[in-house]
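**Q** The chain contents come next:
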Amino acid sequence: MNEPHRQPVIKTEHLCRHFGEGETLVKALDDVTLNIERGEFSALIGPSGSGKSTLLNLIGGLDNPTSGSVELAGRRIDQMSGNELSDFRRDHIGFIFQSYNLIPVLTAAENIEYIMLLQGVPHAERRRRVSDILDRVGLAGLGERLPPALSGGQQQRVAVARAMVSEPDIILADEPTANLDSKSGISLLEVMRELNRDQGMTFVFSTHDQKIMERARRLIHLEDGRIVKDEQRV
Amino acid sequence: MLIIRLAYRNLFRNARRTLLTILLISLSLTAMMLTDAFIRGSIVLMTETVTKTFGGEAQIHRAGFLETFDSDLVLTGAARLVEDVRQIDTIAAAAPRIVSGGMVSSPYNVTSAQIVGIEADAERQVSRVSTLIVEGSYLSGSEGEILIGRELANQLEVTLGDRIVITVAEVHSGELAQALYRLSGVFEFGVAEMDEAMVFINLTDARRLLQLHDGAHQVVIQFSHPDLATDLDHPLYALGDDTMEVVNWLDSNPEIASMLSMTSYSSAIIGMILFLLASLGVINSMFMSIFERIYELGVMKAVGTRPFGVMSLVAWEAVLIAAASATAGVGLGLVLGYGFSIYGIPIGEFEVAGISMDRIYTVLDSSQFVDFPIYVIILTFLASLYPAHFASRIVPALAIKKTL
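Residue numbers (my numbering), protein chains in the order written: chain A, 380 to 613; chain B, 658 to 1061.
In case anyone wonders, no lab produced these hints; they're calculated from the structure. Quick caveat, the model's predicted, so the values are computed rather than measured. Where is the CB? At the ideal position from N, CA and C, for every residue including glycine. Some hints could be false.
On the chain B side, residues computed to face chain A include the following (Cβ under 10 Å) [as the list claims (entries may be wrong)]:
| # | residue |
| --- | --- |
| 1 | Ala-720 |
| 2 | Gly-721 |
| 3 | Arg-785 |
| 4 | Arg-807 |
| 5 | Asn-811 |
| 6 | Gly-938 |
| 7 | Phe-948 |
| 8 | Lys-958 |
| 9 | Ser-969 |
| 10 | Leu-1055 |
| 11 | Ile-1057 |
Turn these sequences into a full structure, and let the hints guide you.
**A** Printed below as a string of structure tokens:
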């Protein structure tokens, strides 16, 4: 097992995201300061509307904060725009979405290969990495299947493989088990836990799922856009 | 390559919509091709009707004759002039004519008409008068023959062999002169003005009647190739001077010339309308496609696809649709255009600027098969830029807000 590097990969300072104005102002995120260290397996938890998704969007560079800063791998992503931000997401962040979100006209292998194509990774290297990662997520031999020909659990494994194949600094996963049955969910979590242990890959979840909460080493409780509890677990 | 592969596969995600879009664009292209082929056909018909039926591709007159039709404006030494013209390379035929207004009377009726004196054999080379005889026979060159139109024959209540008297004013003296003719043939141009008010007699008879010894009012010319008529550098046009004008068929038929020019504009306008409609169809289709998979496009952007990559994807989809449409449209246009070029398009009894038309044969041209499809692809690409730009500006957080 690799020892995770204990250094912050995500730093947010006084992060705010407000929607609307005047009487309709909604403080989706209000003055959140947070550090997530490399190799963490953390979960953002809280009721609906607590700001989990907003925080994950801002950390992933998918949205811009109203105020405050977001630093990822030592760079201010809230100050990036356009192509710079696209390239940064491509090279440093892996996303896993609730509803798999594979490109339905590309095979499982092509979906995984997609980000490497954007990165300009040579063909032979792409094929090798795709083959390796399919093995690791338990999908060896299914690479040529189109997403509709895979089960929900298998599709989510492809999504995990796509997120990690470019070896990003962090993987952001939004309710990754929400659409899976219990057995598939546990199996998927074991894959991710293993990647975290073996490669020191950093995972941040947004979840309501008890199975994730049980496995997370850190639970960040959010309520009304604020962190109300930050719980380190053994 | 990935973007093109992705764009290609995306076309089959909603095959019905893709097919309908292809149908819309290809039918627009086919319609444009057929419109152009139809217009070309009508231009050819009009041109040939004007130049081959009677007017010739060029004419020589005394200056001012075309404006006034004054029979005093005579080309003297017409026989030599005709010979000189015939010596020019690329001149296929030339024939002299005498043209004068006069009265035509039968034992039962009298009316005014245009009297045209023609040289029977030479006239065969420059007009279709000899082929339009529906009763009796064409002029043989014998003295006293006359050809009149079907309508005029009815008006004068005459039949073949009946006597017809022509009264004219002599060219130089202005004295009235009369001559008796026997109806030798009845023609039918299908143009009311000609069938009601035109008679043909032999050139020698006309000269005698009008007291014109070797003169003529016009020399009608056919070139070896129709395009030479509009080439003002052709040696024929060098014959013109202050006293003698050489005009091509466009100059002598200004109403037809302006109509042809208008026809070109109308072709462009129809094309623009068709392509505008097709473009709106493309924009609509692309937007539907984008909104249908906005979530997916959001994910593509989230995982690092640059805005230009998303824009390229949508634009490539449009270009592939345009290429398929162009292929289908050209194929359909070729089949229909070829069919109509053989069997013609019936348009009923239709007369424009004195030209009678009942069926138009489409004329195919390489531009319809090369230029038009290229326009379609370019315009479809341009039409796709708006939805493509929209797609490139999708905010991932909004597109996938159901989860993240």
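**Q** When the structure is checked against the list of hints, which entries are broken? Sort them ascending.
**A** Hints 1, 2, 3, 4, 5, 6, 7, 9 contradicted; others consistent.
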